[in-house]
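> Chains as they are written, first to last, in this note's numbering: chain A, 1 to 248; chain B, 249 to 586.
To be clear, the hints were calculated from the coordinates, so they are not data collected in a lab.
Beta carbons: idealized from backbone N, C-alpha and C, even for Gly.
Rough simulated footprint, nothing fancy, chain B against chain A, three-plus residues with beta-carbon under 8 Å:
| hint | region |
| --- | --- |
| 1 | 27-39 |
| 2 | 54-64 |
| 3 | 139-149 |
| 4 | 204-213 |
To spell it out: a stretch of chain B is covered by chain A in this simulated footprint if at least three of its residues, at any positions, have a beta carbon under 8 Å from a beta carbon of chain A; those stretches are:
| hint | region |
| --- | --- |
| 5 | 267-274 |
| 6 | 373-384 |
| 7 | 476-483 |
| 8 | 506-515 |
| 9 | 538-551 |
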Amino acid sequence: MARESAAAAAPGIRTVGVDGMLVSFGSRLSEPANRAALAFRAALAAESWDGVEEVSTSLVSAYVRFDLRHLDHAGLRARLEALLAQRDWYAAALPGQRRLWRIPAVFGTELAPQLPQAAAAAGMSEAEAVASLSAARVRVQTIGFAPGQPYLGELPEAWDIPRQSQLTTRIPEGALAVAIRQLVLFSVATPTGWMHAGQTAVRLFRPDAEEPFLLRPGDEVQFSAITPEELQGLRRDPLGGARAEDLS
Amino acid sequence: MSGSLTILRAGPGMTVQDLGRPGWLEYGVSRGGAADRLALAEGAALLGQGADLAAVEMAGMGGEFQADSDLRIALTGAPMRASIDGTAVAWNASHLLPAGARLAIGAAQSGSYGYLHAGGGFQTPEHLGARSAHLAAGIGAALAQGDVLETGPDGGQGTGLGLTPENRFEGGTVRVVASLQTALFPQAELERFEGTAFRRGARGNRMGVPLESDGEGFRPDGARTVVSEVIVPGDIQVTGDGTPYVLLSECQTTGGYPRIGTVLPCDLPLLAQAAAGAELHFRFIPLEEAVELERAEAERREGLRGRVHPLIRDPRSMSNLLSYQLISGAIAGEEDVL
Chain A
1 MARESAAAAA PGIRTVGVDG MLVSFGSRLS EPANRAALAF RAALAAESWD GVEEVSTSLV
61 SAYVRFDLRH LDHAGLRARL EALLAQRDWY AAALPGQRRL WRIPAVFGTE LAPQLPQAAA
121 AAGMSEAEAV ASLSAARVRV QTIGFAPGQP YLGELPEAWD IPRQSQLTTR IPEGALAVAI
181 RQLVLFSVAT PTGWMHAGQT AVRLFRPDAE EPFLLRPGDE VQFSAITPEE LQGLRRDPLG
241 GARAEDLS
Chain B
249 MSGSLTILRA GPGMTVQDLG RPGWLEYGVS RGGAADRLAL AEGAALLGQG ADLAAVEMAG
309 MGGEFQADSD LRIALTGAPM RASIDGTAVA WNASHLLPAG ARLAIGAAQS GSYGYLHAGG
369 GFQTPEHLGA RSAHLAAGIG AALAQGDVLE TGPDGGQGTG LGLTPENRFE GGTVRVVASL
429 QTALFPQAEL ERFEGTAFRR GARGNRMGVP LESDGEGFRP DGARTVVSEV IVPGDIQVTG
489 DGTPYVLLSE CQTTGGYPRI GTVLPCDLPL LAQAAAGAEL HFRFIPLEEA VELERAEAER
549 REGLRGRVHP LIRDPRSMSN LLSYQLISGA IAGEEDVL
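One chain only, chain B, in its complex shape (with noise of 0.2 Å):
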């Protein structure tokens, strides 16, 4: 069945992300698609349901919603604190909003970009094939109080489902394969590169985050000009005044700027999460072994309906905690399975 959610309040760069949209790199438009990929997936596990669906996808600051019919729904990416109807909910986990419930989300308690997913989907209409908001692009828009988002028809049943996600919300380690104009840079400034703790700047959006040091900027041997090159996002361009610039899924499809190497797309989702301040590292590794990295990872992400688990309930988080029969054996909190 079909159903719908209404906005009644939208934090600023709330928009509806699926996988992006393929096949216009030759007409200048970049795939785009969800900063977090892999909270896509997350999401698609929690409902039973394709990565492919759209979802929400919030920068920083979740909002209000209110089912007009009966939802599945599930949150992933950055957490953020949930209600339904003012009773807390658990991230990373799937829920019932029912008809007329309201579902609040407030800001990220870490991490840069959370999800609201829906059974079916949410079906806004396509561009180009997806139904990626591309700001940059100047395809579809921010959503805003009011707008309603269809949902398309749920083949899948349950909720009260939680997955433990990895942790990918504070910042780490990326890994990074040599790519273009690796080359360029001496082996001195790779090394510096590694060895340098880098912040995710505060600039950052869907289209790339800066990396702020406090070293001096990182340069190429001789020529800065190399001739325009495609663009893919992870690539980690270097700007005039030597500041690394990671390119990230609203990236431009091709620039002139020598890249010192590209992040594996298995990492992006912990450098994309990492909220503006978090630590960041880079480390160099072999291509044989991140072509392996990202073959294991795309298992990994495929086999996700597998490591969901029934929600066990925070007594902590259940308002109505002595109306629950506590001592029969009965399982309770079924009341959130659709």
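One chain only, chain A, in its complex shape (with noise of 0.2 Å):
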């Protein structure tokens, strides 16, 4: 972990358009980025500064928006800098209450058709594939672009396949999509670049259930491989078939 952290880019502040700033932990995903980033918008949020509207975090950063007229960005920068200042970020804990969740999923057949295509990029057969991706217990680093949906890494290293340049049209709710050492579990129907290899039917945002959200930055998942019959039974269940296990 020692080496890590000083491996890794002194953390950085810049501006995000007029009202927002944003911490980096590093120019690239890396594990001990992803845990700063995590645990310094947990610090974030813990010490509320007024003027504050909404904190969050991507991979490696972790983002402030704030009322310009409550706070002016030296002010807010000699704070972001003095709680930088207070620990070793990349060494942080893991978010507490996290989970692992196991979540069924189809790899290939037409219902994930370009798993045969990801899987030779990767230099695997389709059976290598399926069981490299199943055994592979993946972390939330963030959720975004949609609502709750994650980036799930890191992946083993021969899964640093890059995206398509040319996009999948349309990748339909709840499909399980693979490039650069991630996964992507899809909360809306979407164009993307990111290789359809499986299918799952888990619906990850509910805006009228008590849980909107079903799972956190930090929590940990697995996909089980099952058949489309089996996927077909699981529709019905609002959770597709996912089931957690507490991990803290």
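Make the complex out of the two chains shown on their own, each in a separate frame, by following the hints.
Here is the structure:
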């Protein structure tokens, strides 16, 4: 861990638009940078400075939006620097109340037609690809793009495959897609450059449910291979067969 | 007193919008809310109520409505032809819509988004702390014929007031600050961006609008892939083919395409209102100047209530002109005041 901390770039503060600041813990995704971003965001939320309107994380950064009438750039930057200096954020623990989710998924078939292409890009047979993707225990590194939609990582080195330059016109809700050592589980139907390798029946965002979002940053996820017939049966389950166990 | 309004006919893209739902970025939900936030402030000033109340946003096309009880209403945003029971009424103004009366709103004459406000605001159910429909996120739905919108208790009084809006309905120049990936673009590309006359693309919506131009696409230096980072409304994302795309209220929360700059929040109403084909120019300004402009605009919006004035009625819009007492010096048109 000490070696990884030393290798990570020093955190940097940049502006986002007119009324936002971004504290970045790296210029590319790494486990310590992601952990640091999650911990720093939690600390920011706990501080709840007057004038801060919203805090969130992306893969390696924490974002702050503020009210320009209550805070100025110099003042906020000084506070962020002081908070950064309080500890080694790269060595921070993962968020509390983490869960391990097991989510059933169909790999390949016409439900997830890009498995062959993804497996070939990773230098694997289709069977090897399914074994690798369902053995991996990945972590919710961030939630973003669409409601409740997780970026999951980090997959083994072989999955460092590029996104397609030609977009898939429409990937369905519940699709599991792979690229750059990550999986994205799609919460809405959307065009994408990620390769559609699996299909789940999970609904990540239910606006009217008591807990609208299924996953939280820091949760772990493992996908288990099922048949298309089994998936059909799970479509009636609001959780799509997903089951959680407490990790904390 | 609370009331309600029935929708007899709805144009496509008619939704309830308020200032949106901050606080859910961490879960992938962008703030959303009215495409033209200034229009919400104008409607609030005309009705003498808070700008946080929800209004009906009409994308390019209005609809027909019937009051189920006396309602105070205001019309703001993209000017649309409006009439109450066949009599034309002014845009950027407040009116009494008596119980049973029909309000007809036509297509936008310029701009994109018109707004219908009601005294007490529209009280559709809240989701995650706001009433705004966020169709991209699957929250709420477009309004349709037969929908009945409840209004909240109306604490204000008076109608027949007008407000001269800032003209933001025909395109123009929007100001931009450098943002996370501006430095990835060579100086020459940034200058070309500033010198280009763009047209607002036809495929624009509440998520964002493409910027078309006759020149080549815009290219960052070197590697195209940047680590996925937070997106804010106003970010100008440059996708694979080099077309800039300005993200609006209902944008995604993160993205991996480089962004050439960010439009100032106070200039976003002009950008959101630009109709398809409207000409748009972009100008980079220093952050310090942008901060001052934002502060000034926030103050101006808070002071809008002091700028409303009694409506001077256009005689050409008064079908019953001869029934008015025109010679005694009495002020006609007061029947519009509740």
